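Novice: So the sequence shown is residues -21 to -1, 1 to 495, counted in mature numbering (1 follows the signal peptide of the UniProt record, and there is no 0).
For the record, the hints were derived by calculation from the structure and aren't laboratory data. A quick note: this is a predicted structure, and the numbers were derived from the prediction, not measured. Be careful, since some hints might not be right.
[Unchecked claim] Subject to a maximum C-alpha distance of 25 Å in a straight line, what follows is the list of computed PhoX-like cross-link-like pairs (lysine-lysine):
hint : residue 1 : residue 2
1    : 19        : 259
2    : 205       : 247
3    : 143       : 19
4    : 237       : 205
5    : 257       : 8
6    : 247       : 143
7    : 19        : 257
[As the list claims (entries may be wrong)] Distance ranges between label pairs, derived from CB positions:
hint : residue 1 : residue 2 : range
8    : 403       : 487       : 31 to 41 Å
9    : 468       : 1         : 50 to 60 Å
10   : 400       : 72        : 40 to 50 Å
11   : 260       : 375       : 29 to 39 Å
12   : 58        : 218       : 47 to 57 Å
13   : 363       : 148       : 53 to 63 Å
The beta carbon of each residue, even a glycine, is placed where N, CA and C say it ideally should be.
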Amino acid sequence: MAWRHLGLAVALAAASQSAWAGWTEARSKHFVIYSEQNPKQLRQYAEDLERFDQAVRLLRSMGDPELTDSGRLTIYVLPSQAAVASLAGSPGSGIAGMYVGRASGARAFVHRQRDSDNYNDLQAQTVFFHEYLHHLMLQELELAVPAWIVEGTAELYATASINKDGSVTVGRAAQHRAYGLFGSNQLSVEDMVGATRQKMSHAQLDQLYGRGWLLTHMLTFEPSRKGQLGRYVMGIQNGMTALNSAKAAFGDLKLLSKDLNRYLEQRKILGLTLPANKFKVAPISLRPLSPAESAIVPVVMRSERGVGPKTAPRVLNDARKVAARFPGDPEVLAALAEAETDAGNHAAAVAAADEALALRPAYSKPMIMKARAILASGQADPAKVDWKATRVLIGRANRLDPEHAEPLMLFYQSYLQQGMEPTRNAVEGLLYAQRIVPQDGSLRMLAVRQLIADKQLAEARALFGPIANSPHAGESRERLQQILQALAQGNAAQAMALLDAEEADTKANGQGAASR
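With the hints as constraints, model all of the structure from the sequences given.
Specialist: Printed below as a string of structure tokens:
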């Protein structure tokens, strides 16, 4: 089950080819799904995802606000694992899927098995659900939660099953974590709950997932430990170190470790089944894409997955071929504008966006693509940009979908790029954009910087917590924790200096990625 950090892996079953040829769009309350599979199976898949979403919200007492299209998770269902690995740029790697959270919207790239009708393929579904939990948790939490809770909670829900009778079972044993749970040189409970290790080996990271699941499961289902997890988290939020909060909430950590080992050794792991009558799935709409839309889907997928200097020209070449086959199609032209921008052809991108808007004036995507191209072209010489007209364009996109984060982010960035201090309206827009798409790390960092500049250090610390506590921070972990500590101590200058150093190192290592 090979995965990249930016991504989620899932294998979804599909079946025989249907008479409904080409790509189909399935639209539900929380998802927009594109697939070439049988419409009946696609509808069932969408319904199952909605049941899982409702189960998580019920058990975690989460709200369920109405979403616009930009707020829904867009899922592209590919025909095979090999297709996903190829899209990831690593053919033959075993990568089974990807998840990308950006201001332009959250995207998942998953696959289906043509020779199976089993939508509950445990391994594949487990990873998808794990990543979707992260997607939801970032919407729910603005807390500096230790990594073992983040991953342990995701693993707790990841083993859920959607049963044939419509019920959902949560809390099943994480059999896929057996190696990390039973291997030698275990990560100690004290190290885990105390968050004392600045660096972890690959084996220890695997143990963090497994033992994080086990401890989260025990604290959730063991009656004698009821309420301890909440007290542990609140202690950290109130300024206690993770270790001291653990001792206060859990008591003797050696006893906790013994209890955890006994919990692992029990013959049966408890779970919870929510009956089918707990769920009410809204109607799923299906729409076959037009020939032009179907032809451009592979281009859109590669653009939304993310391109680099080597892949951008290839994606652009394919986009131009589709545009030549289907002239005058707004969807194709919008995708072409994105590909031209990614390849650095800003004038061509603006021309493609303008052509799309001439055909469909109230279409936000080409407005956003045009704004992206203008901002990119202005990096070399900001004086050549008509900033007033650009902001009017961004404002039009915002009015079409006020819940779309990217226009708000672009509006804020336009001031930075012009060399001006963002207006209060732009700042408020940025902070709202971050709340809309908390999964976008680059957008989150923009908001953290702005909050530090505004001396709102408590708010900056809350936003920075998920970045600092990521188990995938790697070599940056120590510095990220120093930033978090500086914010907790009210030292804005030190926090900003450390942020500058971290971003400089990230760019030097070629790891920087623009939010989009």
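Novice: Give a verdict on every hint.
Specialist: Hints and how they fare:
1. Under the criterion of a C-alpha separation no larger than 25 Å, the hint pairing residue 19 with residue 259 is consistent with the structure, at around 19 Å.
2. Taking the CA atoms of residue 205 and residue 247, the gap is near 19 Å; set against the 25 Å cutoff, the hint holds.
3. Taking the CA atoms of residue 143 and residue 19, the gap is about 15 Å. The hint holds against a cut of 25 Å.
4. Between residue 237 and residue 205 the alpha-carbon distance is near 17 Å, which keeps this suggested pair within the 25 Å criterion.
5. Taking the CA atoms of residue 257 and residue 8, the gap is near 17 Å; set against the 25 Å cutoff, the hint holds.
6. The suggested pairing of residue 247 with residue 143 holds, with an alpha-carbon distance near 23 Å, which does not exceed 25 Å.
7. Using a Cα cut-off of 25 Å, the hinted pair residue 19 and residue 257 holds, with the two alpha carbons roughly 23 Å apart.
8. The supplied range of 31 to 41 Å is met by residue 403 and residue 487, whose beta-carbon atoms lie about 34 Å from each other.
9. Checked against the hint of 50 to 60 Å, the pair residue 468 and residue 1 passes, with Cβ atoms roughly 58 Å apart.
10. Between residue 400 and residue 72 the C-beta distance comes to about 45 Å, which sits within the given range of 40 to 50 Å.
11. Checked against the hint of 29 to 39 Å, the pair residue 260 and residue 375 passes, with Cβ atoms roughly 35 Å apart.
12. The hint said 47 to 57 Å for the Cβ distance between residue 58 and residue 218, and at roughly 52 Å that hint holds.
13. About 60 Å separates the C-beta atoms of residue 363 and residue 148, a value consistent with the hinted range of 53 to 63 Å.
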